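Here the protein sequences line up with chains A and B, keeping their order. Anchor point for the first sequence: position 171 equals 170 in numbering that gives the first Met the number 0, and the numbering is continuous, going up by one each time. Anchor point for the second sequence: position 189 equals 188 in numbering that gives the first Met the number 0, and the numbering is continuous, going up by one each time.
What the hints contain is simulated information worked out from the structure, not anything from laboratory work. What you are looking at is a predicted structure, and each value in this text was computed from that prediction instead of being measured. Some hints could be false.
What the hints assert, rightly or not - Reference listing, derived: stretches of chain A covered by chain B, where coverage requires no fewer than 3 residues with Cβ under 8 Å from a Cβ of chain B: (1) 182-193; (2) 199-206.
Unchecked claim - Computed beta-carbon distance windows for the label pairs: (3) B/R24 - A/R112: 41 to 47 Å; (4) A/S188 - B/F140: 49 to 55 Å; (5) B/A53 - A/G181: 56 to 62 Å; (6) B/L125 - A/W127: 22 to 28 Å; (7) A/I236 - B/F192: 39 to 45 Å; (8) A/A243 - B/P78: 33 to 39 Å; (9) A/H128 - B/F192: 26 to 32 Å.
Every residue gets a Cβ at the ideal spot worked out from N, C-alpha and C, and that includes glycine.
Okay, here's what each chain looks like letter by letter:
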Amino acid sequence: MVAGDWWTGWLVGVLLGAVPMWRFAALRARRAAEAAARQAGPQAEALATALRENASLQADLDRVQADWQKEREQWQSAAAAWEGQQQDGVLKAEQARRSQVVPALEHIHTQGRSLQELQGIGKTFERWHADMSALVQHNRTMHDKNDEFARIVRQMVIVALNASIEAARAGAQGRGFNVVAGEMRELSSRAEALSRDYRASLYANDLIATTTFQDMQAGGKMVINAAMGLQMTNGRIQAALEEAA
Amino acid sequence: MSASGFSASSFSAAAARQAASEVLRLLSQRACDSLDRMMLSGLRQSLVPGDAGAAIETVDAVPPGAATHMAVLSIASFPFRLNTALHFARTEALLAWAARRAGMEEGAEPIGEQQFIDVICEVGNLCCGSINRDLGEFQSFLGLSTPQILDVRCLPHFVRDGAEHLRHFRVQVQPDLTLYASLCARAYLPQDFHWSGPPAEAAVESGELEMF
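So that you can see chain A by itself, here it is in the shape it has in the complex (with noise of 0.2 Å):
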């Protein structure tokens, strides 16, 4: 019995000291709530205003997206009208390459022939050293001969020159022997300087056939060369097309 009245008197003492401590705790709250809403009252309006805010920039963003969206579309649409235009552009430019190309290299591998067989060419120069043997050959008998015939001019002479002593020595019955005599040494003359001319003629003639033979020949080596010249660069050329074929 002592004990639960210990314990009653405990409980009343507890709620008779309670009762106050909290109305004034309440009282307290409710004031102290009191100026927190006194103060808050500005920053919830300025919430609101930068809420509203916030509402008008995500509509700006939403309408730039849109557009952007839109922008981007119509570039992705052009850039693939390009491509394609491109892709066209680049097959057209291919088929008017090789309409090119493939009669170019089949100009080339003709211009290839014909210079291959220009270096033919060579048989002919070694005709004409042929006939240019043949022509000094045959100057070299004339030579020949020319000597023998200066040499038939100087027994004329001489003999024209005897004949000459001898109408001398028949005195008055030689005069007519003489005379004939005299036109043999002058006939004898005429010959043997015309045999000089004709000499010097076929030194002259050897060195206008050497010469213009030499000419030509080596004229012909020159349009070998080139040829052959030409011939390399139109290969280098048909390798090239080829490659590009």
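On the provided structure of chain A, position chain B as indicated by the hints.
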């Protein structure tokens, strides 16, 4: 083979100049001088290779009796042609020199006729090959003929053939051997170029190698 009638070869360069003055001059003076230098260089390389002191000079005429024959070669291009002539006679000194040049041993049998001519023609080829190379600096298209042996009495007719420039040269191959050569040029289009000499000589001429 005799030297009889050689008096024709005393035909001089002065006469050539007189004859050339009667035709239209297409070769400039410096082109003629350049050709002379090329010929000098070619003669040095072909006749006295390695002997920088060998005397090679231009002369007014080839003395009578100096030769009986000549090896003639031509260099052709579109606008001009050159003829060169290496004069020779079958002297003991030249035959011995040719034998050595052909690689024959001292005291061996005398050099044969064809071997001798081959040596002479080889010298002509080397000389003209050198000129051909030098001319290549100025002309893209050039051709060289094969050599032909002619009687030296043909020489005066070079000018009658329309030569515009004729020059004779004397080469002291060795103390007892002197050879003569001739250069004859004819142009068909105006020619003007300058060649100062082989690279080494040209460098010395311009002072580049003086310190050496």
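Q) Should the hint that B/R24 and A/R112 are 41 to 47 Å apart at their CB atoms be regarded as holding? A) holds (44 Å)
Q.
Verify the CB-CB distance for A/S188 and B/F140 against the hinted window 49 to 55 Å.
A. With Cβ atoms ~52 Å apart, the hint holds.
Q: With a C-beta cutoff of 8 Å, work out whether three or more residues of the segment 199-206 of chain A approach chain B closely enough for the coverage to hold.
A: It holds, with 5 qualifying residues against the three required.
Q: Could you check the hint for me, namely that B/A53 and A/G181 are 56 to 62 Å apart, CB to CB?
A: holds (59 Å)
Q: Note whether the CB distance of A/I236 and B/F192 lies within 39 to 45 Å or breaks it.
A: Violated, at about 31 Å.
Q: Starting from the range 26 to 32 Å, see whether the pair A/H128 and B/F192 falls in it by beta-carbon distance.
A: holds (31 Å)
Q) Between B/L125 and A/W127, does the beta-carbon spacing fit 22 to 28 Å? A) With a Cβ separation near 24 Å, B/L125 and A/W127 satisfy 22 to 28 Å, so the hint holds.
Q.
Taking beta carbons only, do three or more residues of the segment 182-193 of chain A come closer than 8 Å to chain B?
A. The restraint on the segment 182-193 of chain A is violated, since only 0 of its residues have a Cβ under 8 Å from chain B and three are required.
Q.
I want to verify a distance hint. Is the separation of the beta carbons of A/A243 and B/P78 within 33 to 39 Å?
A. Holds: the Cβ-Cβ distance is about 38 Å, inside 33 to 39 Å.
In the structure shown, a violation is registered for the earlier hints numbered 1, 7, in ascending order.
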